[in-house]
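With the hints as your guide, set chain B onto chain A.
The listed protein sequences correspond, in order, to chains A and B. When you line the first sequence up against the working numbering, it's residues 11 to 101, in that order. When you line the second sequence up against the working numbering, it's residues 11 to 101, in that order.
Hints were generated in silico from the structure; no laboratory data involved. Treat each hint with caution, since some may be false.
In this list, chains with the same sequence are indistinguishable; a pair is considered to hold if it fits within one copy or across any two.
[Unchecked claim] Lysine to any residue pairs mimicking SDA-like chemistry, simulated, CA-CA at most 20 angstroms apart:
#1 K21 - N78
#2 K21 - V80
#3 K50 - A85
#4 K30 - T74
#5 K21 - T90
#6 K30 - D57
#7 K21 - E55
#8 K21 - L75
#9 K50 - P27
#10 K21 - R70
#11 K21 - V56
#12 K30 - P20
#13 K30 - I81
#14 K30 - E67
#15 K30 - V56
These figures come from a predicted structure and were not determined experimentally.
2 protein chains.
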Amino acid sequence: MARVVVDVMPKPEILDPQGKAVTGALQRLGFAGLAVRQGKRFEIEVDGEVTDERLDEIRRAAETLLANTVIETFAVSVETQEQAAAQGQPA
Amino acid sequence: MARVVVDVMPKPEILDPQGKAVTGALQRLGFAGLAVRQGKRFEIEVDGEVTDERLDEIRRAAETLLANTVIETFAVSVETQEQAAAQGQPA
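Okay, chain A solo, but in the shape it has when bound (with noise of 0.2 angstroms):
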């Protein structure tokens, strides 16, 4: 079972309501000097081998469903097994 990441963010260009919000709530908290845009993770478990083929396959999936590509920019990476055992614990 291995396992392959899609992060997808808003483009630079676009406005980022979510991401303006955490930022003002952090400055009110005493968080200062953080400018924080807010995007999606997705963590995919894929069933057998990751191989070339299957990584365009989950680009096509990344294109058509996980991210809006008109707003959004995407990319896939293949996480190894030392990512996965420290994404368990807070770092």
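Just chain B now, kept in the frame of chain A:
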């Protein structure tokens, strides 16, 4: 200007209705054998240098505001310039 990424995911034992909906939609679209969990990705532009103190501050911000640690885990990572550049275009 450095960038720190906070990834927030539902804990493994917590139901993830969004992820379930995406998994079902992928299957209906013909993408089989993919199980998705959906979380959030925060990209934080930090004024000045990312010191250990600054990272501790961001971890506190993540615990306080970005993640609900009852049901979510989070991971903080510093993004290198190369990763930031790669993020700009679909992988």
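Hints, one by one, checked against the model:
1. K21 - N78: Intra 10 angstroms, inter 26 angstroms, cutoff 20 angstroms: intra-copy only.
2. K21 - V80: within (9 angstroms within a copy, 31 angstroms between copies)
3. K50 - A85: both (11 angstroms within a copy, 14 angstroms between copies)
4. K30 - T74: Answer is between: at 17 angstroms across copies they meet the 20 angstroms cutoff, but 27 angstroms inside does not.
5. K21 - T90: Between copies only: 19 angstroms across chains, 27 angstroms inside a chain, cut-off 20 angstroms.
6. K30 - D57: between (38 angstroms within a copy, 16 angstroms between copies)
7. K21 - E55: Between copies only: 15 angstroms across chains, 26 angstroms inside a chain, cut-off 20 angstroms.
8. K21 - L75: within (17 angstroms within a copy, 23 angstroms between copies)
9. K50 - P27: The answer is both: 14 angstroms in one copy and 15 angstroms across copies each meet 20 angstroms.
10. K21 - R70: Result: close within a single copy only, 19 angstroms intra versus 27 angstroms inter.
11. K21 - V56: between (27 angstroms within a copy, 19 angstroms between copies)
12. K30 - P20: So K30 and P20 pass the 20 angstroms test inside one copy only (12 angstroms; across, 23 angstroms).
13. K30 - I81: within (16 angstroms within a copy, 24 angstroms between copies)
14. K30 - E67: The answer is between: 19 angstroms across copies meets 20 angstroms, while 33 angstroms in one copy does not.
15. K30 - V56: Answer is between: at 15 angstroms across copies they meet the 20 angstroms cutoff, but 34 angstroms inside does not.
Violation of the numbered hints given earlier is absent; every hint is satisfied by the structure.
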